[in-house]
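For reference, the chains in residue letters:
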Amino acid sequence: MDLRDFSNLQLDAMREVGNIGAGNAATALSVMLSRTVDMAVPKAELVSIYELSEYYGDPLTEVAAVFVRSDGDFSCSLIFFQAEEDAQALVDLMLMQQMGMGPEGVPDEMRDSVLTEVGNIILSSFLNAVNVLIGGAHSISVPGVAHDMMGSVLQVVASIFGQSGEHALIVDTTLAVGDLDRNVSGKIVLLPDPGSLEILFGKLQVL
Amino acid sequence: MVKAHHVGMADIIVVTSPEMLITLGLGSCIGLVLYDQTAKVAGMAHIMLPDSRGASAKALEKPGKFADTAVPTLIEMVCAKGAVRSRLKAKFAGGSQMFALPGAETDFLAVGARNAKETADLLKKAGIQVVNSDVGGNKGRTVEFSTVDWMLAVKILGKGKIEI
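Protein chains in written order, with the numbering used here: chain A, 551 to 757; chain B, 163 to 326.
It is worth saying that the hints were derived from the structure and are not from the lab. Everything hinted at is true.
Here are the simulated DSBU-like cross-link-like pairs (lysine-lysine), alpha carbons at most 30 Å apart as the crow flies: (1) A:K737 x B:K301; (2) A:K593 x B:K301; (3) B:K202 x B:K317.
Based on the sequences and whatever the hints tell you, model everything.
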């Protein structure tokens with residue numbers, strides 16, 4: 551379906567999908583860290599693919615990003631990304647909580663593995679909730695991770711949507727870990743395949 | 163202070179010496195430069211996808227988006243600013259694969275390699291000499307083209323800068 555023909559009701563439905571997915575993801579992160587996790591109200595927006603690389607600010611910002619692909623009734627891609635320092639702080643929290651390890655002496659490969667797994671669990675929890683909502687079956691790819699400029703990461707999104715049109719449908723929300731001296735937050739971005747939206751809207755009865 | 167032009171996604175910009183051309187955070191996209199040192203003209207296209215087959219008329223309003231529309235349009239635009247086609251040379255960078263998901267159906271993540279190949283093929287077909295290129299890998303690039311020394315500076319996070 552043409553993304554430009556979206557109704558407000560459909561964008562609301564996407565926001566609600568984001569809300570349900572992110573709620574489950576926040577719970578998963580909260581359990582893993584034994585801390586409160588705050589969740590922002592999700593947004594669902596149509597963004598010009600040509601403006602995507604600057605959509606979240608300076609494209610040169612260093613970010614860590616975990617990417618998964620889901621195929622099934624509702625096919626989509628998902629990204630969990632954070633400022634690089636937030637990602638490293640999250641890894642420190644996870645190592646301490648799960649293994650009682652301080653940040654010293656942990657090899658970079660292991661830190662990266664922790665980050666990938668946290669991202670994987672957050673994104674899988676998100677997808678599980680969405681698929682329970684619509685009664686769909688899905689499979690999730692192994693996660694991929696990148697540490698790079700935000701603009702380069704967001705180009706992936708632009709090229710996915712660019713094949714079928716000029717706009718990307720972006721559903722995003724921010725998770726923030728509570729009770730810390732510093733802010734540790736990350737963004738979950740849901741990128742539905744344009745072809746899977748009719749199925750989703752049909753199941754949500756907003757087609 | 164030399165004026166620097168930012169070439170956004172799917173844009174094509176042509177400048178004359180000594181102005182600079184810059185693209186920030188290239189991932190799978192390609193930054194393609196065509197230049198004529200004698201006429202002191204250079205242009206950059208920020209190519210997103212390899213080919214325009216099946217694209218809507220709306221998409222074709224941005225010829226910089228696809229390699230097969232960007233290359234001829236860029237040639238036309240630099241020549242309109244005084245470059246001579248037979249003197250044109252090319253340099254390009256980008257076309258990386260930011261994420262790899264082993265075992266998954268992810269042809270769409272390998273679009274960078276197809277962008278690089280298509281760009282190289284089209285330049286060859288157009289008879290334009292490629293002086294140098296820096297493509298592939300899994301890291302993003304920031305590129306700056308100087309119309310003073312005609313070098314393309316390529317910066318990769320954590321790896322420093324090279325000039326091609």
